[in-house]
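Undergrad: The working numbering applies: residue 59 is where the sequence shown begins, and numbers increase by one.
Careful: at least some of the hints might be erroneous.
What the hints assert, rightly or not - Label-pair ranges, simulated between beta-carbon atoms:
id	residue 1	residue 2	range
1	Gln98	Gly138	36 to 46 Å
2	Arg99	Arg137	34 to 44 Å
3	Asp193	Thr221	21 to 31 Å
4	Asp290	Glu249	23 to 33 Å
5	Leu95	Thr175	23 to 33 Å
6	Thr211	Pro100	14 to 24 Å
7	Val136	Glu182	32 to 42 Å
8	Arg287	His240	19 to 29 Å
9	Arg137	Thr211	15 to 25 Å
10	Arg139	Gln98	29 to 39 Å
11	Pro176	Gly274	43 to 53 Å
12	Asp88	Arg271	19 to 29 Å
To be clear, the hints were calculated from the coordinates, so they are not data collected in a lab.
All C-beta atoms, glycine included, are put in the ideal place defined by N, C-alpha and C.
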Amino acid sequence: MRFVLILFGLFCAAPAGAVAPGQPGIVGRDDRRPIALDEQRPWNAVGRLNREAGGFCTAVLVGPREALTAAHCLWDHVRGRWLEPETIHFVPGYRRGAYLGHARGASFRFAPSIVMTPEGRPSELVDDWAVVLLDLDLQGGAGIEPLAVAGATLRRALGPSATLMRAGYGSDRPHLPILVDHCSVLGSSGEGRLLLHDCDATLGDSGSPIVVRHEGRLMVLGIQSSVVRLGDDEAGVAVVVEKQLPAAALLGH
59 MRFVLILFGL FCAAPAGAVA PGQPGIVGRD DRRPIALDEQ RPWNAVGRLN REAGGFCTAV
119 LVGPREALTA AHCLWDHVRG RWLEPETIHF VPGYRRGAYL GHARGASFRF APSIVMTPEG
179 RPSELVDDWA VVLLDLDLQG GAGIEPLAVA GATLRRALGP SATLMRAGYG SDRPHLPILV
239 DHCSVLGSSG EGRLLLHDCD ATLGDSGSPI VVRHEGRLMV LGIQSSVVRL GDDEAGVAVV
299 VEKQLPAAAL LGH
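Use the sequences and the hints to build the structure in full.
TA: Shown next, in the form of structure tokens:
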């Protein structure tokens, strides 16, 4: 399957408070909606990843002290290097200035083969993931339940007809968690390490989890990286990550 990367702006962290018409990354009709308070609990692990350097992305708690996001969210475009971990703030369940927990980054974990281009994006899309090791245990300290990451066995069992969901914080709605609760798999690439989908996602949504509900639980299939041109249409790209994550977060092996 061939595709062309477009909308390079999606590789950048969203400016805090930015609101712009005609957001990139919306596939067809805009299917995003705010997560209501009475349905928030299963999504508590999703939060804003705020950068002291400016801007934000989305991340999801996948272990007591591990937040999964897109690697490009941790890049300092001014200095051409990785940001210092302690300048990253993860606030799960963020909603209009309130949040369920707060932790700073302590260290980063990247794909061993990652190489960043001068434009500040990974040279290979499959490497656009990162785990932020946090300085606090948000599960024990704040009672936030991490989301499990689906393993290869579960992904094969779900097949291409699985109904997907995505939750995150877009630049046009930066203070509310936004959900796309019915989207689809469009295909895969990179030997199955990239998942193509039609879940609406825009600036700020980088690092947001692509999720499926399995046996009553939310399971992370991948994290939002970018948007590509797929034929005459656009598609979102999620990076499928499993072996690099903490063993406690993995199911389906």
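Undergrad: Could you check the hint for me, namely that Gln98 and Gly138 are 36 to 46 Å apart, CB to CB?
TA: holds (38 Å)
Undergrad: Between Arg99 and Arg137, is the Cβ distance one that fits in 34 to 44 Å?
TA: holds (39 Å)
Undergrad: Starting from the hint 14 to 24 Å, judge whether the C-beta atoms of Thr211 and Pro100 obey it.
TA: The hint (14 to 24 Å, Cβ to Cβ) holds, given that Thr211 and Pro100 are roughly 23 Å apart.
Undergrad: Using the C-beta atoms of Arg139 and Gln98, is the stated range 29 to 39 Å upheld?
TA: holds (36 Å)
Undergrad: Between Arg137 and Thr211, is the Cβ distance one that fits in 15 to 25 Å?
TA: violated (42 Å)
Undergrad: Please check whether Arg287 and His240 have a Cβ separation lying inside 19 to 29 Å.
TA: holds (23 Å)
Undergrad: Is the hinted range of 32 to 42 Å satisfied by the C-beta distance from Val136 to Glu182?
TA: Hint violated: Cβ distance 23 Å, outside 32 to 42 Å.
Undergrad: Does the Cβ pair Asp290, Glu249 satisfy 23 to 33 Å?
TA: holds (25 Å)
Undergrad: Range hint 43 to 53 Å: satisfied by the CB atoms of Pro176 and Gly274?
TA: holds (46 Å)
Undergrad: Go ahead and decide if the range 21 to 31 Å is satisfied by the Cβ distance of Asp193 to Thr221.
TA: violated (36 Å)
Undergrad: Leu95 and Thr175, beta-carbon distance inside 23 to 33 Å?
TA: violated (41 Å)
Undergrad: Holds or violated: the 19 to 29 Å window for the beta-carbon distance between Asp88 and Arg271?
TA: Since the Cβ atoms of Asp88 and Arg271 sit about 22 Å apart, the hinted range of 19 to 29 Å holds.
Violated hints, in rising order: 3, 5, 7, 9; the structure is consistent with all others.
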